[in-house]
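Let the sequences and hints guide you as you build the complete structure.
Note that the sequence shown covers residues 1 to 885 in our numbering.
Everything labelled a hint here was simulated from the structure, so no lab data went into it. C-beta: ideal position from N, C-alpha, C; glycine also. Incorrect hints may appear among the rest.
Only pairs whose alpha carbons sit at most 20 Å apart, straight line, appear in this in silico SDA-like list of lysine to any residue [what the hints assert, rightly or not]:
| # | residue 1 | residue 2 |
| --- | --- | --- |
| 1 | 506 | 605 |
| 2 | 589 | 700 |
| 3 | 176 | 230 |
| 4 | 631 | 461 |
Simulated restraints on C-beta separations [as the list claims (entries may be wrong)]:
| # | residue 1 | residue 2 | range |
| --- | --- | --- | --- |
| 5 | 778 | 323 | 54 to 64 Å |
| 6 | 331 | 474 | 51 to 61 Å |
| 7 | 398 | 782 | 39 to 49 Å |
| 8 | 65 | 566 | 42 to 52 Å |
| 9 | 516 | 339 | 31 to 41 Å |
| 10 | 639 | 582 | 25 to 35 Å |
| 11 | 225 | 582 | 49 to 59 Å |
| 12 | 337 | 392 | 22 to 32 Å |
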Amino acid sequence: MYTIIFPFITNAQNIILEGIVTDTINSPLENTNILARPLSSNLNMAFTITNSKGYYKLNLHTNEPYEITVSYLGFSPFKFNLTITEATEKNIILISATDVLDEVVIIKNTPPVIIKEDTISYKTDAFNTGTERKLKDVLKNLPGIDVDKNGNVKVMGKKVSTLLVDNKPFFNGNTKLGIENIPANAVESINAIDNYTSVSFLKGLSSSEKMALNIKLKKDKKRFLFGDVEAGTGIAEQEHYLVHPNVFYYSPKTTFNFIGDVNDVGIKSFTLKDYLNFEGGIGKLFSNPSSYFQSTNDYYSQFLNGQDFTLAQNKFAALNFVRALNSKWSLSGYGIASKIKTNTTEETTNNYFFNDSNTVENKTDNQSNNQRFVFSKLLLEYKPSTKEDLSYNSFVKQTSINNVGNIFLSTLLSENNLSTNYKNNSTEIKQNVEWHKKYNTKHTTSLTFNYKYLKQNPTNYWITDLPILNDFLPLIEDDNYNINHFENNKQQTINLLIKHYWVLNKNNHIYTTIGNNNLTEKYNTEDYQKLSNTSLNNFESANFNNSLIYKANDLFLGIEHKFQKGIFSAKYGLETHFYNWNINQNFNKKITKQVWLPSLQTKLKFSGSNSLSFKYNLKSSIASANKYANKYWLKSYNNIVIGNTDLENELFHTLNLNYLKFSLYKGLTFASNLTYKIASKGINYNTEINGINQINAYILLKNPEKTWLTNVMLQKRINNFSVTLNTDLIFSDIQLMVNNENYKSKSNSENYELEISTDFKKLPNFELSLKKQFDKFIYNNNNSTFITTIPKFAMDYNFLNGFIFNFNYEKTIYKNYNNQKNSYNITDTSLLYDFNNSPWSIKLSGTNIFNTKFKNSNSISDYLITNKQTYIQPNIWLFSVNYDL
1 MYTIIFPFIT NAQNIILEGI VTDTINSPLE NTNILARPLS SNLNMAFTIT
51 NSKGYYKLNL HTNEPYEITV SYLGFSPFKF NLTITEATEK NIILISATDV
101 LDEVVIIKNT PPVIIKEDTI SYKTDAFNTG TERKLKDVLK NLPGIDVDKN
151 GNVKVMGKKV STLLVDNKPF FNGNTKLGIE NIPANAVESI NAIDNYTSVS
201 FLKGLSSSEK MALNIKLKKD KKRFLFGDVE AGTGIAEQEH YLVHPNVFYY
251 SPKTTFNFIG DVNDVGIKSF TLKDYLNFEG GIGKLFSNPS SYFQSTNDYY
301 SQFLNGQDFT LAQNKFAALN FVRALNSKWS LSGYGIASKI KTNTTEETTN
351 NYFFNDSNTV ENKTDNQSNN QRFVFSKLLL EYKPSTKEDL SYNSFVKQTS
401 INNVGNIFLS TLLSENNLST NYKNNSTEIK QNVEWHKKYN TKHTTSLTFN
451 YKYLKQNPTN YWITDLPILN DFLPLIEDDN YNINHFENNK QQTINLLIKH
501 YWVLNKNNHI YTTIGNNNLT EKYNTEDYQK LSNTSLNNFE SANFNNSLIY
551 KANDLFLGIE HKFQKGIFSA KYGLETHFYN WNINQNFNKK ITKQVWLPSL
601 QTKLKFSGSN SLSFKYNLKS SIASANKYAN KYWLKSYNNI VIGNTDLENE
651 LFHTLNLNYL KFSLYKGLTF ASNLTYKIAS KGINYNTEIN GINQINAYIL
701 LKNPEKTWLT NVMLQKRINN FSVTLNTDLI FSDIQLMVNN ENYKSKSNSE
751 NYELEISTDF KKLPNFELSL KKQFDKFIYN NNNSTFITTI PKFAMDYNFL
801 NGFIFNFNYE KTIYKNYNNQ KNSYNITDTS LLYDFNNSPW SIKLSGTNIF
851 NTKFKNSNSI SDYLITNKQT YIQPNIWLFS VNYDL
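Encoded structure:
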């Protein structure tokens, strides 16, 4: 049974009010909203909905008067006053509304929750507790919606991929920027839309599985400027700063959003996840091809992943706009710029093990990282009718990296100091044209054309006291060893795809596809030693320095049949790909090949929120140019890589079983996902190990990896409490080649988390969780297990008519394979005062208040066990002022 009952602060006894809600012909009305508003000011509203039989159940206070409203979409609301002294049964009959037009019902008292086909609508004021500051706080209160600390949002266990505000994409649909910056007081309602597609007439054809959130703004926030500005400074002799403006303007024809952030307190407005989301896709559709070209490394993204630093300075600005030029044309776009400077310190013990050998390396790594990037995107859309959609999309990205570091290494045999410098400037341009046309009820066509240009020039140098990789590099003796690596990489990709949708009848569709992917890539490397006399010792004589022109083409044809019978639907298809790739380096090699890629999807939809689905597909990928480069190149101070011209396309089988059960009445969400992946042909390394030094040579292996992934999420809401259980299991069998010998390893990871949270209005709210993680690695008769335990506690409390207190505590306890334990904790807190009837608020906040110095972590790979201490930013106390526009 599901009931959300807002809290009470009296000791009055609870009494049950229950009954059945039907229409005038005695049919039960599922998902009817029942609200009980207390007429006494010291009590809070109670809310529930009916189940599939129309049954409801409310917990009310004895001898307290309530105004009860019963509402259902398409029916006139029914209101009555009630004071109960004992358990009461009351059946209710709703009358069909007279103001119904095309299934759109105008009701003054909108139900808090409306479920209709693929959409769940929430009236947010019914669930707010009063402590909400941003959109993410509002979402956390809504039944069936889950928000994690990284800004990921799930609805009924399904991840949200698109965020809209008044039906318009918010910064490319990015959820994190939206939920962390849109003010809570601007939100009127929220629609969760399953199977979302931006081209409305493709719904039901494109098989979209996206989940979108559409944020509806309050009427007084339209045609007006709104948002907030926060400014903060360090206290207690701490020199820190924070400036964070959010400015929004929405009108029927024009939308502007600006988000800014300047701080040195470790707040990153842009993370690796955001960066990948803003990469600029290939348009509205076709984002998950069955065959694709792998891209040479994006060298920038790896530097956004780090979250731990001793110093961080962030400057961030983002502007998004949408303009309706007329009834048919619209222009939208965004620009994002970021400058990040961080200092990091890590102390690492690496245990290299293989057979009977064992080498221990102790490393201290200090880095000063400077990264900049600029994104810009422009989208021009033309919709001459409800049956045609034409768009042009332009995306430009520029990045710059300059990282300077110092590494101290020690082993049993030697000690060495390395000065390092990594630089890279890259430019990426993407162009996309997409056209969709619905000719009639039976025939629809989609076409997409994409062009991508990428240029990047990473350079790396190491200045050392002692020779490095001296068994592999032809070094000349010098006072210091200045070793340099240079790359030049240029890529051009052209994609064309045409897809036709043929609706045979209501239950049978035929989809045909034809397309072509073309890649041209130039890849050059140079490695050398710069001597004290400024002359160069080039490593070309030791089989270094690549010069490669790589061309690949993929022509493909496909057909799919989609059918539905009752609650069962299925889609099966087959694609054939004609590969042709050319590798031109010190010799020319051509390869032609044809592959067949089948796919299957089935779904049993028991109800709108209860389904079982199965997917199978075979995917193929062609390696990037650097994997074909047949000469060595330096990757790090102890690692050399060489490609292989004999590589072919990789093949991956994926099977997925998913079950979803969501009951708003019972307050129950159950989502389970089981995935099995097997690579029938995959590219891996043959690793030659000598002490800490490695040479990695790309090779093609049969059945190199098998992986089972399982995720189970169970959430139950009981009155003001929510209990969530999350389980993630990953079991992998991996084939390794080490020193030209074949080995098998097993990697198992088990994660279990239990969380209890509350949603009181007048009492403190808390989140209490315990996470347990078991990581096990089995390799060559070696068995290593790591256990991580993470208890968390968080509390929010709104008190004394304006104060909001927040407290977050997280402790991490590690136990490694030698049964050694270590732990650390991170504790943050804040106290905010919101002046009544005023746009001003003030806040005192502290991060890492117990001044934890470093975090501990352990990891294990094919032949390496790593124990790491990562130093973090010391405690910071900040006083800030916020003004609501």
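Hint-by-hint comparison with the structure:
As the CA atoms of residue 506 and residue 605 are separated by approximately 17 Å, the hinted pair is consistent with the 20 Å bound. Between residue 589 and residue 700, the direct Cα distance comes to roughly 17 Å. Compliance with the 20 Å bound is thereby established for this hinted pair. For the suggested pair residue 176 and residue 230, the alpha carbons sit about 18 Å apart, so the restraint of at most 20 Å is met. Only pairs whose Cα atoms come within 20 Å are accepted, and residue 631 paired with residue 461 is accepted, the gap being roughly 19 Å.
For the hinted restraint 54 to 64 Å between residue 778 and residue 323, the CB-CB distance of approximately 59 Å keeps it satisfied. The hinted window of 51 to 61 Å between residue 331 and residue 474 holds, with their beta carbons roughly 58 Å apart. Our hint of 39 to 49 Å for residue 398 and residue 782 holds, since their Cβ atoms are close to 46 Å apart. At about 48 Å, the beta-carbon gap between residue 65 and residue 566 stays in the expected band of 42 to 52 Å.
For the pair residue 516 and residue 339, the beta carbons lie near 40 Å from each other, so the given range of 31 to 41 Å is met. For the pair residue 639 and residue 582, the supplied restraint of 25 to 35 Å holds, since their beta-carbon distance comes to about 29 Å. Range check, residue 225 to residue 582: Cβ separation about 56 Å, and the 49 to 59 Å hint holds. In this structure the hint that residue 337 and residue 392 lie 22 to 32 Å apart at CB holds, the actual value being about 23 Å.
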